[in-house]
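K.L.:
As a plain string of letters, each chain reads:
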Amino acid sequence: MDPTWFTLTPLEREALSLSLLVSGWAVVGSLPFGILFAWLLARRSFPGKTLLDGVIHLPLVLPPVVVGYALLVLFGRRGLLGTPLHDWFGITIAFTWKGAAIASALVAFPLMVRAIRLALEGVDRRLEQAARTLGCGPIQSFFVVTLPLSLPGVLAGVILAFARSLSEFGATITFVSNIPGETRTLPIALYALTQVPGGDAPAFRLCVISVIVAFAALLASEILARRVRERIGG
Amino acid sequence: MLEIDVYRRQGAFALDISLSAGSGVTALFGRSGSGKTSLVNMVAGLAKPDRGRIAIDDRVLFDPAAGIDLPPEARRVGYVFQEHRLFPHLSVRQNLCFGRDRLREAERTVSFDHVVAVLGIEPLLDRRPAGLSGGEKQRVAIGRALLAAPRLLLMDEPLASLDGGRKNELLPFIAGLSRQFTIPILYVSHSMDEVLRLADTLALIEAGRLVVIGSVEEILSSPNYASLTGHGEAGAVISATLAETDSRYGISHLRFPGGVLKVTQIDRPFGTPVRVRIHARDVALALHVPPGLISVRNQIPAVVRSIAPFDDSQIDVMLDCGGAPLWSRITSEAQAELALEPGQAVTALIKSLTITRGDVSDRGNGQTGALPG
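From first to last, the protein sequence lines are chains B and X.
Sequential numbering of the first sequence, starting at 1, is according to our numbering.
Sequential numbering of the second sequence, starting at 1, is according to our numbering.
For reference, chain B alone in the conformation it holds in the complex (with noise of 0.2 Å):
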């Protein structure tokens, strides 16, 4: 067998550290906004609850084409946000990778939070009480008892938007494009390869890519959340 078959193609490392990079910002960045928004659902009550809830989950319903236009339309050199952080700050997001990664995040931002926020509604509230009764103020002992008690759900949720974020397609090609080196991630160089010809050999590679990258990533989450969950019955 030819042994270049197991080595990578500049085109394929491209394409998969570029989807590393993007879906792990897209995980480290929303993650507090994550379990703080899973927070305030799990554990308050406030006039417009159900609305933020539906806000949070619209992009699970909604064509990932409209979560990149919009995107666009928000961030774009002329876009709302776009032009003020072009012009004040020099920041430009559409078409960057830091745009794939915002397309990503928002994409699966409601799962991450779905998860934590179950795992946050299982933490018996009682064991706060009694932390708060020993000295731990409110904020210190959501740090030390609930997020610790709570941490399968979210190493859950953030396999989950991990993953998701890998597969990001739609709004990713909508919002920053297809650009080699910067915004062409796995999905989009597998789709990019299927449209010329000739491209089906190398497809077939970036499918096979594709599926060991996320099967890893849900087997480390099993392992870890089984390790977690050791460590916390005992």
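If you're looking for bench data, these hints aren't it; they were derived computationally from the structure.
Fair warning: there could be bad hints in the mix.
Said to hold, decoys possible - One side only, chain X facing chain B, incomplete, derived with CB under 8 Å: (1) 44; (2) 77; (3) 87; (4) 88; (5) 103; (6) 148.
To be verified - Restraint-style ranges between C-beta atoms, simulated for each label pair: (7) X:10 / B:139: 26 to 32 Å; (8) B:231 / X:10: 37 to 43 Å; (9) X:33 / B:231: 36 to 42 Å; (10) B:139 / X:133: 32 to 38 Å; (11) B:52 / X:133: 53 to 59 Å; (12) B:231 / X:227: 49 to 55 Å.
Bear in mind the structure is a predicted one, so any value in this text is a computation, not a measurement.
Quick reminder that beta carbons are idealized off the backbone N, C-alpha and C, glycines included.
Since chain B is already given, all that's left is putting chain X on it; use the hints.
P.N.:
Positioned in the frame of chain B, the structure of chain X alone reads:
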């Protein structure tokens, strides 16, 4: 001194309680749903009264009139819950130090080693709560609360979730806590056995109100509260210490303010403080006892305090034996013959056999150190 004066309305239920608790163990006793747990939650800051005031010594915890409502973490009130509520993701050692680590160095007045030794939890330190037995978990929970050096310790039926054996293992330890760590304890219970063995002061709570607060002996010996304390037959409770045991006859001597009470043998060290319950029906009265002619071992001089009819055929006679209460229930016919009246000197006759192990509550306080077993 803990001072509570709280009011809170919750639907049809209103909690309206005002009481002070000093050093030692104060038991809050009442049926479930009477408001005991709500009351301790208010002291801990986990529930908020509609109005009122809560203070420990000069330190005000809650006084909306003065704009004070300290959050739980600022109250320095320890809480041992009915369920252990240990943190499952932390080791026993980390659980124990949870509150302590949040204190300033100067406030860490309770020694870790002392608590661990007294509770006998040294072998458990590196384990996780999930691997502990119910009794062990509750001991760790007590240690965790103590190590936060609280000014007051709340215990909400800490033994309720344990079986009889585990209860007996923990009771002597809790009895000694208040003295060993010089901390007042507010102890919620609906078990009179626990009250007899642990409490110095008893507060009876019913339907959100304080019925009475006073010494355990005083309240349990009074006919007024017999229905609330629900402690079997009418009778008096007196404090005594084990003076000697005569194993030839299987008899123990208990010293109490009214003299010496001979009871069936108790296998405890001399000097053990106990509470003895003496049923009113087991106490006979005599105006004059001919010496050497009667089998009854306890012939205790007493003065009649009051006389009240129990029903048509029975009369309750309250007695004073050198300060200790005694309660005798006699037939109306006997009263017709003896014509007892308040202030009269009589002799109370109590058969030793009528006072059995079940009537004697050990108040031993585990000061010898680690728990047995």
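K.L.:
Which of the stated hints cannot be reconciled with the structure, identified by number in ascending sequence?
P.N.:
11
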